[in-house]
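A.B. asks: Residue strings, one per chain:
Protein chains: 2
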Amino acid sequence: MEYDHIGHGVGRVDGWEKVTGEAKFLRDFSIAGMLYGKILRSPYPHARIVCIDTKKARALPGVKAVITADETPKIKFGFVPQLADKLPLAIDKVRYIGDEIAAIAALDEEIAEEALSLIDVEYEELPAVFEVEEAIRPDAPKIHGNETNIAFKIFRRFGDVEEGFAKSDDIFVDRYSTHRVTHCCLETRGCIAFFAKSGKITVWSTTQTPYGMRNELSRILGIPPSQIRIRKTHVGGGFGSRLVMDMNEPIATLLSKYTGRPVAIFNTREDEFHYSANRYPFMVELKTGVKKDGTLVARKATVLVDNGAYNERGTSTLANAASSFIYLYRTRHIYFEGSLVYTNNLHGSAFRGFGNPQITFAMECQMDRISEKLGIDPAEIRLKNIFNSGEETASGAVIRGSGLYESIKRAVRESGWSVRRGERTSENIGTGMAITIHTGGGVRSYKYNAADAFINVHEDGKATVLVGVSEQGQGATTVLTQIVAEETGIPLSDITISQTDTDINPVDSGCFGSRSTYVLGNAVRSGAIDVKKQMLATSAEVLKANSSDLEMKFGSIYVKGSVAPSLSAKDAIQAHYGKGRPLSGRGRFVDEIPELDAVSGYGSFFPAYSYSCTIATVQVNPDNGNVDVLELVSANDLGKILNPLGAEGQVEGSLLQGLGYAFFEEVRMRNGQITNGSFLDYNLPTALELCPIKVVLLECSEDSGPYGAKGIGESPLVSVAPAIANAIYDAIGVRLNDLPFKKENILSLQKKKGQKPKG
Amino acid sequence: MEYDHIGHGVGRVDGWEKVTGEAKFLRDFSIAGMLYGKILRSPYPHARIVCIDTKKARALPGVKAVITADETPKIKFGFVPQLADKLPLAIDKVRYIGDEIAAIAALDEEIAEEALSLIDVEYEELPAVFEVEEAIRPDAPKIHGNETNIAFKIFRRFGDVEEGFAKSDDIFVDRYSTHRVTHCCLETRGCIAFFAKSGKITVWSTTQTPYGMRNELSRILGIPPSQIRIRKTHVGGGFGSRLVMDMNEPIATLLSKYTGRPVAIFNTREDEFHYSANRYPFMVELKTGVKKDGTLVARKATVLVDNGAYNERGTSTLANAASSFIYLYRTRHIYFEGSLVYTNNLHGSAFRGFGNPQITFAMECQMDRISEKLGIDPAEIRLKNIFNSGEETASGAVIRGSGLYESIKRAVRESGWSVRRGERTSENIGTGMAITIHTGGGVRSYKYNAADAFINVHEDGKATVLVGVSEQGQGATTVLTQIVAEETGIPLSDITISQTDTDINPVDSGCFGSRSTYVLGNAVRSGAIDVKKQMLATSAEVLKANSSDLEMKFGSIYVKGSVAPSLSAKDAIQAHYGKGRPLSGRGRFVDEIPELDAVSGYGSFFPAYSYSCTIATVQVNPDNGNVDVLELVSANDLGKILNPLGAEGQVEGSLLQGLGYAFFEEVRMRNGQITNGSFLDYNLPTALELCPIKVVLLECSEDSGPYGAKGIGESPLVSVAPAIANAIYDAIGVRLNDLPFKKENILSLQKKKGQKPKG
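So the sequence lines, in the order shown, correspond to chains A and B. Numbering-wise (this note's numbering), the first sequence opens with residue 1 and increments by one. Numbering-wise (this note's numbering), the second sequence opens with residue 1 and increments by one.
In isolation and in its complexed conformation, chain A is listed as follows (with noise of 0.2 Å):
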């Protein structure tokens, strides 16, 4: 099928505007009246807090209102409500450092934070913990005066595992871990709260979830949903940081209730780096049994996760980590164990990949070993254990859409593998393989994973498309614009799609799991189909012809078979308005996936799956532990991919992350203090640490995506570090079962490589 405008590659509709400045961030808003709100910290990481004497503060011309936990409604807030946990303003004990005690609304930043140094707070210090292993100890501080500071477990439990350990012919038991990162947007957080006087609520919002934080400040502050307003700005990097809301968001409210202006905070970036959450760390005890023949048999994972002071979305990565570690080979007998374990640490959230690049790492690696110790090539015995189209999971998840296949044996060629790999040369050159699956669009959140879309055509031929995205800088907005142009025959010029807006744009759960264009294009995409029937039997009316004999190509409405256009697009639409009758358009598009067992997990997740295969290729220096990655190759299979240019940007930025995660960020902590929270610390990979990449898309179709796409957002990054470290591996022969890599890790593991055999 050729279409006009999907598959061609399109620059960002909202270059031009971003570009030039035209576009309005959060920073550029000023409503009249506005307030500067600042935050009061805990400098503890555990600590009753005796008294707060806000008496100074308030006394400083300049402020116009502090609060503290009296003047809140005191209820606790979680993701998942079961779970809530956290106050907007703590009462009596603080748990990490950072935790919010009071808040200042002021005339300006600098007066908000010379009272914030004038509030007097008398803490006690409480013992504090900040290593998993520590914390599940009987006799560690309970840090929420539970049993245990075990938050959550997840259970996921098909086959029997036991009995698959007894029946295999070799079993391998391997410890992984992965550390703390932090998501590094460009644009730190922050929001603009107006509380009315008639109880309506307006919060412009940094948000990747505006309809998701219009339920949690709705059920934090009490108030029902409608009467919260949450209008998304141009959102400056997301990669999950937005994805719940943070305690920003209620105290502006609060501050705003209380002074009837509108209150604005936002996020310095020390406030992002010291407050804003991170990337959750996982521990993995993997243990696999197979077969000689390479055949998986059993797989049991046991996780640990470090949640932090208070729970987030650790449930919900944890529920994606189980999905990746059942749903990426075809294993009978599995079990997945994971823990949310509370520290006094800052708290972890989502980040791309959502528990996935943790997990993949852990189990892509080991296969590496398995690979060795069988020796079947990793490629071969992928390739054998991989799930087809069709096939179902232990867990009873229909896999759809596969092109792992097609992915690994397309990197395969094209990174050269069978020549490179195994290969040790005197130069310390290695190549690894690692491959992913996650989802290509999206899952259930607050229930649903639906969306609706309202298109507006104006009388002059352009359209305004009310959707409820999300927009971060990913590009979504020009993929429905193509989508929008497809159908329609508007050029792409001539579409807008509005900034969501609760009050005014339908529904949508927001941008995460990969879900835009698959959820929002297949809505918008039925949207546009609607338009285009009313503009064909309009056309059938002015050509005096069947609606069903024209169609729609090249901008212009032709009849079949014929090679001359009968009348444009916009002359289309002029008939219509011209006959009397506006031209607007509704889509849906509904997940029909029944909701999976939440508490056994048994069912499918996902909707659609996105596939990748990276092969890594490293040269070790073996005097400093130095590791220059010569060649990433990527292969994946997004589907149908609709603009070329976004979906490289989208696998080039996720290449970019994943070596990122791999070497060069962590956020470092020491007792519970971030010791690197800044740019100048914090080792963010830039375009000067790009390896030589080549991205490779393939376009294994999927039925019920938008023209047969998926997502494409998180999958490439997942791979990235397990394909490394298995490239190292190669290249010297030791095992990094610890990210980040570290040289000092390489070479103290080298060094004990002599003393005892590999493998």
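Accuracy of the hints is not assured; some may be wrong.
Repeated chains share a single entry, so a pair holds when one copy, or any two copies, can fit it.
[What the hints assert, rightly or not] Within a straight-line C-alpha distance of at most 27 Å, the following computed DSS-like cross-link-like pairs (lysine-lysine) qualify:
hint : residue 1 : residue 2
1    : Lys257    : Lys24
2    : Lys18     : Lys257
3    : Lys18     : Lys200
4    : Lys257    : Lys462
5    : Lys560    : Lys18
6    : Lys447    : Lys560
7    : Lys742    : Lys752
8    : Lys257    : Lys753
The hints are simulated quantities; they were obtained by calculation from the structure and are not laboratory data. In this text, all values refer to a predicted model and were calculated from it rather than measured experimentally.
Chain A is fixed; fit chain B onto it per the hints.
C.D. replies: Showing chain B alone in chain A's frame:
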């Protein structure tokens, strides 16, 4: 049919925010960086501009831009493009006291005012003309340099009027004149315009027709409509005055273009009186031929309209007057000739009734004279000549849903007509009658009379409606809210109608022609039914029932025939979301009546009709000419009354405005200069001037209206003045053929009365 909300009196849904001041009107807006615009206007009614020197004004600190015609695209504007004659800023010539010459944008209004005084304009005065009769003389100064000052002529010729007169038993010829009144909206007009560097223009405006304004601004600036975004604010009264763009919007937009900042232009009250358009003054020569039995045979109206210096809504005012002329009484031979005549006065515009108050004044005063002459009761002669539903006028319009017969009958009964009429008591008390036919569903404007509506239903059971409604205080949003509540079971307080924004809301032609309830009501109702269907479908799943066995009433879903509700509306909505489905509805109404032939006027102009009968009882003091209105009985067929409270308010407001038109209000001019341009001098009637009134609301259903409703906004006003004129005649035997009714005229007519026979 019993309804839960329809037909029940509901207080304004926007009442709370307006009463508390929470509602933001345009003057409450402050946009970051906003400048203030002021306009330099001609002090002469007709002059050549010799030169404009803006140097001193430009040099004044705080002035950010000074523009003259050179900075404009010099495109002439007219509501009807073929009659375009108005530039945003004058070139060469000014044509009335107030013509726009130059404009300033400055940091505040005081600086802008000062800068205006620093602009030197050299004028060369030209002979001017202020009276219509003078303006049509061949030797009159030609205001637009055309051959004549006749801007436009309309002809409506059906049957053979001369043949009709020849067949008549009696011929009546009379001349009537109506005067100039202004709208007196309590909020003055204004706009804030922002011309972004991307070329996108946003205008916050007090308009009644956001989509019309987008179109108009597009034409005068030569920019596509969709590049322009009109955002309606709350509007404090319209009455037709905000139906067509004035020059504030293009001027503010151009000032914004040259400054790069938002520019506000707010009319002062003085601006509003002096430069905001008036109701068109008509001079009507009316000739009617009748049979002895009172049957109207032929009728001819020759109308001269003071157009003022520029074309505005004069053509549609004449077209509407012609329709009323043709549709009120069954007359086979009918002829209407109307001329719009340029003068050097302030131009006219739309005003509640739209030409109908003027022509009906003539028709209904003469009808009283005919009835007297023939000795037929005024009610009887009207009942004899009005159309029945389904009858076709001479012009091919099919009269629909007429309750005019019932209105007359009911007004007669309520007023004690048969007792009062004709019994001229010693107290000089008299009773008079007049009737009205008016559109009850708008007309096509810019080609269409249609609307779409989108309804978003939120997870907590509340709803937001996107519809192009132009609430100007008349209560349309309340009625639309009732409709959504009626269909969906969602409580009134849980429904929000969003403020119209042309980039967001689906298209609508705006608020005029009594169309909001009819057109938008139909569109919103169909959208709400779309929502209801989805709610019933989900409820059917929940209840394991057939959707067709369920019904929505009392805010709940019932199994038909059951007395106990099965599910509340909110439960049904939450069940729907619980099943992973979003909930939204789309509605549409298209007026399918074929467009009227623009030249001949053949065909139907209105999709629905509203009807009124006014009976006035007055007491006249023959010594001083004072008229005391003892009672107004107003019987109206407005179709099904959706909100009795709102309907009564509309009718009462109409009657007071009708009283103002008859007695109190007049824009007085001397040589093109308005001499009473303030509330102190302009005699706007207040509650103190209101006479006792008796309002009857009849509900003769209009099948095509929502629940049988039709428009209510204009009809009752129209027949007030002629009913009073006829009552004055009944009281003291003098016929007032000129509006307004002045004591001195009554006295002088009384003096003449002795000299010639009555009738």
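A.B. asks: Next step is simple, just say for each hint if it's right about the structure.
C.D. replies: Results of checking the hints against the structure:
1. When the C-alpha separation of Lys257 and Lys24 is checked against a cutoff of 27 Å, the pair qualifies both within a copy, at 25 Å, and between copies, at 18 Å.
2. Taking identical chains as interchangeable, the C-alpha atoms of Lys18 and Lys257 lie at most 27 Å apart only when they sit on different chains, with a minimum of 20 Å there against 33 Å within one chain.
3. In this assembly of identical chains, the alpha carbons of Lys18 and Lys200 lie at most 27 Å apart only when taken from different copies (14 Å versus 31 Å within one copy).
4. In this assembly of identical chains, Lys257 and Lys462 lie within 27 Å of each other by CA distance solely across copies; the values are 23 Å between and 41 Å within a copy.
5. Taking the closest pair of Cα atoms, Lys560 and Lys18 never come within 27 Å of each other, the shortest separation being 41 Å inside a single copy and 57 Å across copies.
6. Taking the shortest Cα distances, Lys447 and Lys560 never come within 27 Å of each other, neither inside one copy (43 Å) nor across copies (30 Å).
7. Within a single copy, Lys742 and Lys752 get their C-alpha atoms as close as 15 Å, which meets the 27 Å cut-off; across copies the closest is 113 Å, which misses it.
8. Taking the shortest Cα distances, Lys257 and Lys753 never come within 27 Å of each other, neither inside one copy (64 Å) nor across copies (72 Å).
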